[in-house]
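Participant: Take each chain as given, in its own frame, and dock them per the hints.
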Amino acid sequence: QQQVKQSPQSLIVQKGGISIINCAYENTAFDYFPWYQQFPGKGPALLIAIRPDVSEKKEGRFTISFNKSAKQFSLHIMDSQPGDSATYFCAASSVMESNTGKLIFGQGTTLQVKP
Amino acid sequence: DTGVSQDPRHKITKRGQNVTFRCDPISEHNRLYWYRQTLGQGPEFLTYFQNEAQLEKSRLLSDRFSAERPKGSFSTLEIQRTEQGDSAMYLCASSLVRGQNEQFFGPGTRLTVL
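As they're listed, the protein sequences go chains L and C.
First residue of the first sequence? That's 1 in this note's numbering, and the numbers climb one at a time after it.
First residue of the second sequence? That's 1 in this note's numbering, and the numbers climb one at a time after it.
Chain C on its own, in the form it takes in the complex (with noise of 0.2 Å):
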């Protein structure tokens, strides 16, 4: 399968727990986004990754959210101290910085604070 994959799908954690989501964008996508969406609701912009470099952050992500991508390839998501505020889907997206910016997005990962 050579489209974006989401590791773990789903993730059941308790209030004050460190979860970590990874993301593994299309091969050769330059382009990657985290956005978040909860029930109901359309998928809401989080951060974007131009190769390694972290160019913007939604002031949805709060000071217990980071993301990385070390190496311009996969990425990862965590969030420190989870709250059940931060229940949602969590979705990854890849695109290349040429043409028209089409973002291919992954499964999700399913997450539930208790």
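Next comes chain L alone, as it looks inside the complex (with noise of 0.2 Å):
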């Protein structure tokens, strides 16, 4: 119940392309739904949120769709560049089953953008 599957395992897109990663969850109570981009050797960076009261949002080329009733969310990189390759992390978090807000994670997106 606490699981967050994510695919593909790693994805490779020709510069300028839309790149399409999946999360899906069974947890209900989850309320916080961040994506994080990771460089080798570097920690998680927040890359942008969603809570289930809103099925899109977008900041600048990245675009998060939630799905509530089929209990899945995607990311959506537009017009993606070779400094987009790093592996991307979904993550889910419920305040009210757990007060502490701690992230559940997908097991990782690796994204190469070929020039």
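Because the hints were derived from the structure by calculation, they are not lab data.
A hint or two may mislead.
[What the hints assert, rightly or not] Each computed SDA-like pair below joins lysine to any residue, with the alpha-carbon atoms no more than 20 Å apart:
no.: 1; chain 1: L; residue 1: K42; chain 2: C; residue 2: R59
no.: 2; chain 1: L; residue 1: K42; chain 2: C; residue 2: E44
no.: 3; chain 1: L; residue 1: K42; chain 2: C; residue 2: R9
no.: 4; chain 1: L; residue 1: K42; chain 2: C; residue 2: R22
no.: 5; chain 1: L; residue 1: K42; chain 2: C; residue 2: Q100
no.: 6; chain 1: L; residue 1: K5; chain 2: L; residue 2: S74
no.: 7; chain 1: C; residue 1: K71; chain 2: C; residue 2: Q54
no.: 8; chain 1: L; residue 1: K5; chain 2: C; residue 2: E44
no.: 9; chain 1: L; residue 1: K68; chain 2: C; residue 2: Q100
no.: 10; chain 1: L; residue 1: K57; chain 2: C; residue 2: Q100
no.: 11; chain 1: L; residue 1: K42; chain 2: C; residue 2: E102
no.: 12; chain 1: L; residue 1: K42; chain 2: C; residue 2: G3
no.: 13; chain 1: L; residue 1: K42; chain 2: C; residue 2: T112
no.: 14; chain 1: L; residue 1: K42; chain 2: C; residue 2: I12
no.: 15; chain 1: L; residue 1: K114; chain 2: L; residue 2: P40
no.: 16; chain 1: C; residue 1: K11; chain 2: L; residue 2: P40
no.: 17; chain 1: C; residue 1: K57; chain 2: L; residue 2: K58
no.: 18; chain 1: L; residue 1: K42; chain 2: C; residue 2: P107
no.: 19; chain 1: L; residue 1: K42; chain 2: C; residue 2: D7
no.: 20; chain 1: L; residue 1: K57; chain 2: C; residue 2: N101
no.: 21; chain 1: L; residue 1: K58; chain 2: L; residue 2: K114
no.: 22; chain 1: L; residue 1: K5; chain 2: C; residue 2: L39
no.: 23; chain 1: L; residue 1: K42; chain 2: C; residue 2: G40
no.: 24; chain 1: L; residue 1: K5; chain 2: C; residue 2: E78
no.: 25; chain 1: L; residue 1: K42; chain 2: C; residue 2: R110
no.: 26; chain 1: L; residue 1: K42; chain 2: C; residue 2: T38
no.: 27; chain 1: C; residue 1: K11; chain 2: C; residue 2: A88
no.: 28; chain 1: L; residue 1: K5; chain 2: C; residue 2: G40
no.: 29; chain 1: L; residue 1: K42; chain 2: C; residue 2: S87
no.: 30; chain 1: C; residue 1: K57; chain 2: L; residue 2: S94
no.: 31; chain 1: L; residue 1: K57; chain 2: C; residue 2: E102
no.: 32; chain 1: L; residue 1: K42; chain 2: C; residue 2: L39
no.: 33; chain 1: L; residue 1: K42; chain 2: C; residue 2: A88
no.: 34; chain 1: L; residue 1: K42; chain 2: C; residue 2: P8
no.: 35; chain 1: L; residue 1: K42; chain 2: C; residue 2: H10
[Claimed, not checked] Some but not every residue of chain L turned toward chain C, in silico, with C-beta under 10 Å:
no.: 36; residue: K102
no.: 37; residue: G106
no.: 38; residue: T110
Beta carbons: idealized from backbone N, C-alpha and C, even for Gly.
Facilitator: Laid out in structure tokens, this is it:
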């Protein structure tokens, strides 16, 4: 019930293309869904996050689409650039179930953007 | 730099030795988290502090692990009698109780147990 499943495991996109990463969850108590970007040897960096009361959130080239009924959310990276090549993690937390706000992470997607 | 800092960045130790890591959260952040990340996996929650109180510990945190946040500012994570399975990246994150609970991560401490 605590699991967050992420796909694909790896993704290769041409420069200028759209990168799409998907996540699915089981726990309906989750109420916060962030995406993190991680470069080798670095800590994860918060990219964008959404709460279940909205279906989409956009920040620059990054968009989260959220489908509450399907218990799925996805990250879209528009106009993908070689500098976007990194590992991306989705995550989820529930303030209701755990007042700590601890994050449950997906397994990660390694994105390579070819020039 | 006003972000989360961790020290050391890398630690190589022999099996059976004790190690201690330090995390300095973003100033005024009262929530502090420790996560562990193994190669090719997402971070896994270890423990959580709100101010100086340790409010949750994962079952991943065996009795060889201990964490403290004595004055509600920096935190330490100690691993006693290290095992090769402890080799991982140890990440610290901080956030505010108020707001969206946006967690900001430090650069991590890479532990290698030989």
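Participant: Compare the structure with each hint and give your call.
Facilitator: Verification of the hints:
no.	hint	result
1	L:K42 to C:R59	violated (26 Å)
2	L:K42 to C:E44	holds (16 Å)
3	L:K42 to C:R9	holds (10 Å)
4	L:K42 to C:R22	holds (16 Å)
5	L:K42 to C:Q100	violated (23 Å)
6	L:K5 to L:S74	holds (11 Å)
7	C:K71 to C:Q54	holds (12 Å)
8	L:K5 to C:E44	holds (14 Å)
9	L:K68 to C:Q100	holds (19 Å)
10	L:K57 to C:Q100	holds (15 Å)
11	L:K42 to C:E102	holds (18 Å)
12	L:K42 to C:G3	holds (13 Å)
13	L:K42 to C:T112	holds (16 Å)
14	L:K42 to C:I12	holds (18 Å)
15	L:K114 to L:P40	holds (18 Å)
16	C:K11 to L:P40	holds (17 Å)
17	C:K57 to L:K58	violated (34 Å)
18	L:K42 to C:P107	holds (5 Å)
19	L:K42 to C:D7	holds (13 Å)
20	L:K57 to C:N101	holds (17 Å)
21	L:K58 to L:K114	violated (24 Å)
22	L:K5 to C:L39	holds (17 Å)
23	L:K42 to C:G40	holds (13 Å)
24	L:K5 to C:E78	violated (31 Å)
25	L:K42 to C:R110	holds (10 Å)
26	L:K42 to C:T38	holds (13 Å)
27	C:K11 to C:A88	holds (10 Å)
28	L:K5 to C:G40	holds (14 Å)
29	L:K42 to C:S87	holds (16 Å)
30	C:K57 to L:S94	holds (16 Å)
31	L:K57 to C:E102	holds (16 Å)
32	L:K42 to C:L39	holds (13 Å)
33	L:K42 to C:A88	holds (13 Å)
34	L:K42 to C:P8	holds (13 Å)
35	L:K42 to C:H10	holds (12 Å)
36	K102	holds (4 Å)
37	G106	holds (6 Å)
38	T110	holds (9 Å)
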